[in-house]
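Undergrad: Just so you know, the protein sequences line up as chains A and B, in that order. Residue numbers 2 to 131, in the working numbering, belong to the letters of the first sequence in order. Residue numbers 11 to 137, in the working numbering, belong to the letters of the second sequence in order.
Incorrect hints may appear among the rest.
Said to hold, decoys possible - Cut-off 25 Å, straight-line C-alpha distance, at most; resulting in silico cross-link-like pairs (BS3-like, lysine-lysine):
1) B/Lys-53 x A/Lys-32
2) B/Lys-82 x A/Lys-106
3) B/Lys-17 x A/Lys-104
Claimed, not checked - Label-pair distances were calculated between CB atoms; the ranges are:
4) B/Phe-16 x A/Ile-46: 27 to 35 Å
5) A/Gly-33 x B/Glu-44: 40 to 48 Å
6) A/Leu-18 x B/Ala-23: 14 to 22 Å
7) A/Leu-18 x B/Tyr-59: 45 to 53 Å
8) A/Ser-6 x B/Leu-103: 22 to 30 Å
If you are wondering where the hints come from, they were derived from the structure by calculation, not from laboratory data. Computed from a predicted structure; not experimentally measured. We put the beta carbon where it would ideally sit given N, CA and C, even for glycine.
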Amino acid sequence: MSVFSPMAIITLLGFLLCSSFGQICMKLGMKGEEIPIEKSPFKTIINIILVMLRPYTLTGFVLYVIGALSWLMFLSRVPLNVAYPMISIGYVAIMVLSGVILKEKINWRYASAALVCIAVGVCFIGYSLH
Amino acid sequence: MGNLTFKTGILLAVSLLLASFGQIFLKMGLAGGEISGSAGLIKAFLNPYVLLGFAIYACSTLTWMLLISRVKLSVAYPMISISYVIVMILSALILKEDVNWLYGLAGLVFIAAGVTFVGKGMSGGEK
């Protein structure tokens, strides 16, 4: 029934989990504050680097890199026209995680509608691969 | 936070085209077949097409950030679907992939609706 090989599914899940949780970690690393923009661009860059060195932000970047490598492994197994739309699953994942972990204001009615539509769409794309 | 203007429209077009071509280059660099093992992964990562693909993708992310700092998420998100159509067409034209247009486009219609809902649901605080 499944159109993807087990390894393709594992690498896709690896990509989706790492890139979604990576974003959440980066946002946690911001500690709910805006990165200050100074008059001198040099100071602004220092501000950005200091934020990048926080544990949560660093974890986010590491997860992001692992996600990119997982994407390469997935992409080497599946044609691009089928692989690329799978990224949209990540948008719903980030939306749900933003509400649950970051306590951001999410409209859950839209979130459910998004989940259903993207799930149906992804199934169609998956079945286009025989 | 506004709607699309001529300037932000160009920003959007550039971001979507860069994202699409980034993926095309990644796939071109993966012509060697299925990656297995860490040595294969490192070899694939260092392929010039793959490196170029990631670089283009990074540029796309930067232009996307410029865009969403100027345009409402509920306006920007549905536009992502355009890149899915571009990638599907380029996959057939450049990569000569066997695209199933009927199932593929039907799937993209649902996904377009889905990312539109994502944009609407995440702009909780926006007017």
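Undergrad: Hint by hint, where does the structure go against what was stated? Just the numbers, ascending.
TA: 1, 3, 6, 7
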